[in-house]
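> Listed below are the residues making up each chain.
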Amino acid sequence: GAVVSQHPSWVICKSGTSVKIECRSLDFQATTMFWYRQFPKQSLMLMATSNEGSKATYEQGVEKDKFLINHASLTLSTLTVTSAHPEDSSFYICSARELRSGEQYFGPGTRLTVT
Amino acid sequence: EDKVVQSPLSLVVHEGDTVTLNCSYEVTNFRSLLWYKQEKKAPTFLFMLTSSGIEKKSGRLSSILDKKELFSILNITATQTGDSAIYLCAATFRETSGSRLTFGEGTQLTVNP
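Going line by line, the protein sequences match chains X and Y.
To convert, take the position in the first sequence, counting from 1, and add 19; that gives this note's numbering.
To convert, take the position in the second sequence, counting from 1, and add 38; that gives this note's numbering.
Keep in mind that the hints were calculated from the coordinates and are not lab data.
Treat the hints with caution; some may be incorrect.
Claimed, not checked - PhoX-like cross-link-like pairs, simulated, lysine-lysine; straight-line CA separation at most 20 Å: (1) X/Lys60 to Y/Lys75; (2) X/Lys60 to Y/Lys78; (3) Y/Lys75 to X/Lys39.
Model the full assembly from the supplied sequences, consistent with the hints where possible.
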């Protein structure tokens, strides 16, 4: 089956630093990947849609200069949280849409804690 | 604006009980409705529903879609403690390059022994 990986699975960083999270589709090509954020006891909130070779589309209220997205290949998208603050602490999940079928597959998530 | 609403938001039952989780949606160019189970990590896929009135079943779980009334239900019979999780439904709608998910708030199910 289609597998999506994320790295790292968890990360602790200090306020003001930047953190990069990778999302990879391991056995399929994905022209589109989605980045979600989930706070405790809440549902997944779509942050942005990442398109291979073009700029990401951000949801309303999500700062594009703070959450930098790069989708340089058909199997890799990265989310960089710049100048992280404690309120950015959250569970970040990516999903990848398979080129052939259009179905989405979720990564295992990355838990970010900003101290 | 596309919207997916789940109810109840939380539910506590005893082992052996049957539960019904609800999901209503308002989505332009609706394509499908998906149910996920989320424990500690990312959601795991349960069902995808595209046609009205056709029940999908997997063990003790079943789900059905009503495209006229714009809702879906997820049933779990003979619940077990391992069913404790957040259950998410998501509606997809057609975009030019595929489909996009809009999630509901989720139902937190707790099954007590």
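> Broken hints, numbered, in rising order?
3
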